[in-house]
Amino acid sequence: MSHDMSEEKLPESHGSAGHHEVAAHGDPFADPGLPAHEPRRTDIDERAAKRAERQVSLMFVVSMLATIGFIASYVAIDKEKIVYVWPLGNISALNFALGMTLGVALFLIGAGAVHWARTLMSDVELPAERHPIEADDEVRNDVIDQFRTGAAESGFGRRKMIRNTLIGSMALVPLSGVVLLRDLGPLPEDKLEHTGWLEATPAKPLALINMNTNLPMTAEDIIVGSLTFAMPEGLHTHDEDFQQRIAKDALMLVRIAPENIKDEKSKELGFEGILAYSKICTHVGCPISLYEQQTHHALCPCHQSTFDLADGARVIFGPAGHPLPQLKIITDEKGFLVATGDFDEPVGPSYWERAR
Amino acid sequence: MSSASSTTSGAAKPASTRAKPANKWEQAADWTDGRLGIYSLARANLRKIFPDHWSFMLGEICLYTFIIIILTGVYLTLFFKPSMGEVIYQGSYVPLKGIPMSEAYASTVDISFEVRGGLLVRQIHHWAALVFVAAMLVHMMRVFFTGAFRKPREINWVFGFLLLVLGMFDGFFGYSLPDDLLSGTGIRFMEGAILAVPLVGTYIQMFLFGGEFPGHDIVPRFFTIHVLLIPGIMLGLLVAHLILVFYHKHTQWAGPGKTEKNVVGMPLMPVYMAKAGGFFFLVFGLIAVISAIATINPIWAYGPYRPDQVSTDAQPDWYMGFSEGLIRIMPGWEISLWGHTLNLGVMVPLAIFPMVLAAIAVYPFIEGWITGDKREHHILDRPRNAPVRTGLGAAWISLYLILLMAGGNDLFATHLHLSINSVTYFVRVGMFVVPVLVFIITKRWCLGLQRRDKEKVLHGRETGVIKRLPHGEFVEVHAQLPAKDLHTLTAHEQVEPFELPAATDENGVARKANVITRTRAKLSRGFYGEGSQIPKPTSEEHHEITSGHGHH
Chain A
4 MSHDMSEEKL PESHGSAGHH EVAAHGDPFA DPGLPAHEPR RTDIDERAAK
54 RAERQVSLMF VVSMLATIGF IASYVAIDKE KIVYVWPLGN ISALNFALGM
104 TLGVALFLIG AGAVHWARTL MSDVELPAER HPIEADDEVR NDVIDQFRTG
154 AAESGFGRRK MIRNTLIGSM ALVPLSGVVL LRDLGPLPED KLEHTGWLEA
204 TPAKPLALIN MNTNLPMTAE DIIVGSLTFA MPEGLHTHDE DFQQRIAKDA
254 LMLVRIAPEN IKDEKSKELG FEGILAYSKI CTHVGCPISL YEQQTHHALC
304 PCHQSTFDLA DGARVIFGPA GHPLPQLKII TDEKGFLVAT GDFDEPVGPS
354 YWERAR
Chain B
151 MSSASSTTSG AAKPASTRAK PANKWEQAAD WTDGRLGIYS LARANLRKIF
201 PDHWSFMLGE ICLYTFIIII LTGVYLTLFF KPSMGEVIYQ GSYVPLKGIP
251 MSEAYASTVD ISFEVRGGLL VRQIHHWAAL VFVAAMLVHM MRVFFTGAFR
301 KPREINWVFG FLLLVLGMFD GFFGYSLPDD LLSGTGIRFM EGAILAVPLV
351 GTYIQMFLFG GEFPGHDIVP RFFTIHVLLI PGIMLGLLVA HLILVFYHKH
401 TQWAGPGKTE KNVVGMPLMP VYMAKAGGFF FLVFGLIAVI SAIATINPIW
451 AYGPYRPDQV STDAQPDWYM GFSEGLIRIM PGWEISLWGH TLNLGVMVPL
501 AIFPMVLAAI AVYPFIEGWI TGDKREHHIL DRPRNAPVRT GLGAAWISLY
551 LILLMAGGND LFATHLHLSI NSVTYFVRVG MFVVPVLVFI ITKRWCLGLQ
601 RRDKEKVLHG RETGVIKRLP HGEFVEVHAQ LPAKDLHTLT AHEQVEPFEL
651 PAATDENGVA RKANVITRTR AKLSRGFYGE GSQIPKPTSE EHHEITSGHG
701 HH
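Protein chains in written order, with my numbering: chain A, 4 to 359; chain B, 151 to 702.
Just so you know, the hints here were simulated from the structure itself, not pulled from any lab data. Where is the CB? At the ideal position from N, CA and C, for every residue including glycine. One or more hints might be untrue.
Here are the computed lysine to aspartate or glutamate pairs in the EDC-like style, where the Cα-Cα straight-line distance is at most 20 Å [to be verified]:
#1 A:K194 <-> A:D311
#2 A:K82 <-> B:D367
#3 B:K301 <-> A:E348
#4 B:K411 <-> A:E348
What follows is a list of derived Cβ distance ranges for each label pair [as the list claims (entries may be wrong)]:
#5 A:V78 <-> B:V288: 20 to 28 Å
#6 A:V78 <-> B:P348: 55 to 63 Å
#7 A:V227 <-> B:W488: 52 to 60 Å
#8 A:D335 <-> B:P448: 42 to 50 Å
#9 B:V315 <-> A:D335: 32 to 40 Å
#10 A:D139 <-> B:T667: 26 to 34 Å
#11 B:H567 <-> A:P177: 34 to 42 Å
#12 A:V78 <-> B:S242: 33 to 41 Å
#13 B:G522 <-> A:K194: 55 to 63 Å
#14 B:T667 <-> A:L190: 36 to 44 Å
#15 B:T182 <-> A:W89: 31 to 39 Å
#16 A:H239 <-> B:W488: 39 to 47 Å
#17 B:W488 <-> A:D347: 44 to 52 Å
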């Protein structure tokens, strides 16, 4: 509110909350009141004040120069130019010049303003009164009365049928907004249950394509202890739905000496120790990519779920809830590794409708 | 109100007391006042008093970084293409040449390398976002530890809390837009988390992604959420937050001349216009310099997103790190029943995540209920004078930090040469143990500081002067504190714990307090009982010591 009291820098004289500045000799802890203002150097020494004025102006002038520097850098420096700046290393000259000039131009406006406020503007502390947030009783009662009058005139409380049907209609109308969201996407149906390997049948198997070479593989291509990534035959990186397909179809092939495979079912699904597991972690769906040859452990770098590939990809550490699904593979008449069907359970993170 | 405004007879010369405008500016101000009524507004605010304390600038940093984010964000939308349409990169960044990628990723690379100054603005946008969330957290800590959230400011505390949560999520959405390998992994995580929701998870996933992961819609949809929906809500909340700050006026520390009924400081015009206005430029300037020299989120180094690829060290920005930590330390529990799967390994962390946050939101109401204090509070508590609150705040921060450590367990493992399993096991236990320890230590620390304050008030400060008494004893002379310090150190209130009413009423009939009342009494004893505060020195004690002989 207004500050007519700026002349009288006196503390409150009415003793509130136990503060009695008059009773200083009685109560040693009493509020002694606002301390007297202590002048700064610039308040009493005109030369110091002039110097502060020059400092502030200098900062504003340098800021102007920096802005001109910014524009000059924008025009003059090639966007592909790389420079070595110690200790930052090789960085983009344009980014460095623009950022530094902009930073200096902005910072010095701020520094000048703050320096001005601190040295030359008045630093006399003034008290201002607070007013309670709550209204006084008269206002409160008046408002409640007015509201009651309004409510009575509307008949809202009296005409219960109108009130109840209004509440009902208000409660239902947002449903339209929810319903309108339906066409954001398709229904889940059984989409999450199957992968692109579903197209494979014993009559028309799908070859496993090496992710790196884009070629089908024979068993000899995969050496014991190695990890190879594969995708189904017929999938290309430029396909419209490549991202959706690879998010479920990605495989990792590991070859383990058959005597080291602990899980019998897993051994049967594989071919001569080559096991094809889903690459998609069963936790939240990150691709698993870290493999430890000696222990046959595969680790997801996102949340560190660890799977024992020699033991049916059982979870041995981390937050994943179930093993990686395994794809049955055989070789066709040409000796290429192929799949004859889909995974027998959904790949990726689990969900409510997922049945094991 | 000027009397001129109440004069209705236009023909007679109105008895105006209004001064003639002295110059063009005053004339313009008069013109504007006639349309907008600016004078009444300005009378209340032009010389509004602001108390001075360095910690009050934390909130200013939040405000200024928010403005910087909006300014740079608008610039970025002029160049960014929120589309998942596939293009083959042919720009000037050689390592990516010929690689298929989404338009979103390609345009982000173009902003970084083809648009002059684009890289700088991208960096300022990201750095300002980090500073924004960090400043909000620290600002909230300031408000929490000083008790500034008490009546009448509880609602503003909730507004601030909502701003923090929305800021965190908008950061997550913004971080996802470039469609680089790291951000795509973050979205994949979100998809897995949504799938873990029982009953409707798969439906929400299909509707949000427009089909199966990753789909074609996710970047355009996130773009709208990131630039329009969340910032719009935040802007509204921010304005409400500031209006309330203005309306409530600032809190202040106890001190000479400062009471619950006044606010002592310097006026908005000119001191705070210069200081606060100048501080905006300081913040902007510093962030611009940081962006000139420190790279953040170099998406060109990560490459475009492919669902079958990932890099190690895949982590969200630090403010989401604690939710990542919860996910990483949760054991992989999964319940399969009647053909349905309940993925507890993901669901439980996702349920705890909002609870860790909500603990902050509800705290003012819990404390208000325990104290039953209905008065307004404008004088801040020193953290030591509210040991339980300070302990709870410190425990919360330790929980946040330990979960952040869990969120970077791979980094801790590689950098400190530890086993990742050990780090995870440590955090699994530490999450429950560390906050308790931190609470106990902090509370005791506060009590120790209270004792020291009491000692200072009663015995004065050590002068370093050694005096020899007639009988040969050496004593150090203690000097009495000046009156202003005596007042400041004893100005805090000490709340009496809430006691249960007597077990029988005045007629001797037994009455039993209900569970809620008994809980309140118990909590109140915990907050303000004997073990939780050191009695303040009284003036009698002070008299006795200062007037007596041989005490020191």
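Honestly, do B:G522 and A:K194 meet the 55 to 63 Å range at C-beta?
At roughly 56 Å between Cβ atoms, A:K194 and B:G522 fall inside 55 to 63 Å, so the hint holds.
20 Å Cα cutoff - pair A:K82, B:D367:
violated (33 Å)
Does A:K194 pair with A:D311 here, judged by a C-alpha cut-off of 20 Å?
Judged against 20 Å, a Cα distance of about 28 Å means the pair is violated.
Has the hinted range 33 to 41 Å been met by the Cβ atoms of A:V78 and B:S242?
19 Å Cβ-Cβ, so the 33 to 41 Å window is violated.
Quick check: does the Cβ-Cβ distance between A:V78 and B:P348 fall within 55 to 63 Å?
holds (60 Å)
Are the Cα positions of B:K411 and A:E348 separated by 20 Å at most?
It is violated: about 70 Å lies between the C-alpha atoms, which goes past 20 Å.
Just tell me: holds or violated, for the beta carbon distance of A:H239 and B:W488 against 39 to 47 Å?
Holds: the Cβ-Cβ distance is about 41 Å, inside 39 to 47 Å.
Outcome for the supplied range 36 to 44 Å, where the beta carbon pair is B:T667 and A:L190
violated (52 Å)
Do the beta carbons of A:V227 and B:W488 sit within 52 to 60 Å of each other?
violated (42 Å)
At the C-beta level, are B:H567 and A:P177 separated by a distance inside 34 to 42 Å?
violated (56 Å)
Verify the proposed pairing of B:K301 with A:E348, using a straight-line Cα cut of 20 Å.
violated (57 Å)
Could one say that the CB atoms of B:T182 and A:W89 fall in the range 31 to 39 Å?
violated (54 Å)
Violated hints, listed in ascending order, are 1, 2, 3, 4, 5, 7, 9, 11, 12, 14, 15, 17; each of the other numbered hints is respected by the structure.
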